[in-house]
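Q: Sequence:
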Amino acid sequence: MKKRNSKKHKTSKLLKESKTPKKNIILIFVRYLILLALMFSLPFIYYIFTPLTVYPLILLLKIFFTSIVLKGSIILINKTIFIEIIPACIAGSAYLLLLILNLSTQINLKKRIYSILFTFAIFLIINILRLFLFSVLYIKNQSLFDSLHYIFWNIMSTIIVILLWFITVKVFSISSTPIYTDFKDIINSIKKK
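Counted from 1, the sequence shown has number 85 at position 84 by this note's numbering; the numbering is strictly sequential.
Where hints are given, some of them may not hold.
PhoX-like cross-link-like pairs, simulated, lysine-lysine; straight-line CA separation at most 25 Å [unchecked claim]:
| # | residue 1 | residue 2 |
| --- | --- | --- |
| 1 | K111 | K24 |
| 2 | K171 | K111 |
| 3 | K185 | K111 |
| 4 | K23 | K193 |
| 5 | K192 | K24 |
| 6 | K141 | K23 |
| 7 | K141 | K80 |
| 8 | K63 | K112 |
| 9 | K192 | K23 |
| 10 | K63 | K80 |
| 11 | K80 | K23 |
| 12 | K141 | K72 |
| 13 | K112 | K185 |
| 14 | K112 | K24 |
| 15 | K171 | K112 |
| 16 | K185 | K24 |
| 17 | K141 | K24 |
| 18 | K193 | K171 |
| 19 | K23 | K112 |
Because the hints were derived from the structure by calculation, they are not lab data.
Computed from a predicted structure; not experimentally measured.
Generate the whole structure from the sequences, applying the supplied hints.
A: This is how it looks when you write it as structure tokens:
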């Protein structure tokens, strides 16, 4: 069996995904139009991910606490502790960033759909577990909650999104770089003319 040069194989794979430079430019243009439209999609992201986050969180809390009641965005625990789930808890901007990274990368449609589903599912699970742990921490030790919440909010959330993107790149063998590969392709197609 012949051993393929992996770099050459990746390049030919990218070329197959975008058969002509003109078609490639059109696909890039369409993807970036979608990205522009996504600037207004945060309300939709919150509409989708708020119930997907809150209801599993309530199920987890019911394992450890006897009385859990949801009223609007407030979770009432054991009739005495109130936890408000605000939009920042849902982390809509993190979902949007993951979507932007995905759409600004050259990959075929099937791989794109699977990678979006993968990153969203993993991030949703991480976020539910984070909210659960912080809810328990808030109930047990509020001063520790305040410190850890501040650190997590300002540092860890960004690191998690970046790590999740790198994991997605590895799992789906994504060889192009967001934005850069598109920019390079546009420059190369202009130079060819």
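Q: Evaluate each hint against the coordinates.
A: Okay, the hints, checked on the actual structure:
1. Of the pairs offered as hints, the one joining K111 and K24 holds, with about 18 Å between alpha carbons and a cut-off of 25 Å not exceeded.
2. For a cut-off of 25 Å, the pair hint linking K171 to K111 stands: about 16 Å separates their Cα positions.
3. Proximity of K185 to K111 is assessed by CA-CA distance (about 23 Å); at most 25 Å being required, the pair is judged to hold.
4. Restraint check for K23 and K193: the C-alpha separation of about 11 Å stays at or below 25 Å, so the hint holds.
5. Distance hint between K192 and K24 is fulfilled; the C-alpha atoms sit about 16 Å from each other, no more than 25 Å.
6. For the proposed pair K141 and K23, the alpha carbon gap of about 60 Å is over 25 Å, so the pair is violated.
7. For a cut-off of 25 Å, the pair hint linking K141 to K80 stands: about 15 Å separates their Cα positions.
8. As the CA atoms of K63 and K112 are separated by approximately 37 Å, the hinted pair breaks the 25 Å bound.
9. For a cut-off of 25 Å, the pair hint linking K192 to K23 stands: about 13 Å separates their Cα positions.
10. Note on K63 and K80: the hinted pairing holds, with a Cα-Cα distance of about 13 Å set against a maximum of 25 Å.
11. A threshold of 25 Å between alpha carbons decides the hint, and for K80 with K23 the separation of about 63 Å lies outside it, so the pair is violated.
12. Proximity of K141 to K72 is assessed by CA-CA distance (about 22 Å); at most 25 Å being required, the pair is judged to hold.
13. Restraint check for K112 and K185: satisfied, since their Cα atoms lie roughly 21 Å apart, inside the 25 Å limit.
14. Pair hint K112 plus K24 holds up; C-alpha atoms about 19 Å apart against a cutoff of 25 Å.
15. Among the hinted pairs, K171 with K112 is consistent with the structure: their alpha-carbon atoms are about 12 Å apart, no more than 25 Å.
16. Taking the CA atoms of K185 and K24, the gap is near 15 Å; set against the 25 Å cutoff, the hint holds.
17. Note on K141 and K24: the hinted pairing is violated, with a Cα-Cα distance of about 58 Å set against a maximum of 25 Å.
18. For the given pair, K193 sits about 32 Å from K171 by alpha-carbon distance, which is inconsistent with the 25 Å threshold.
19. Taking the CA atoms of K23 and K112, the gap is about 22 Å. The hint holds against a cut of 25 Å.
The structure does not agree with the numbered hints 6, 8, 11, 17, 18 stated previously, though it agrees with the rest.
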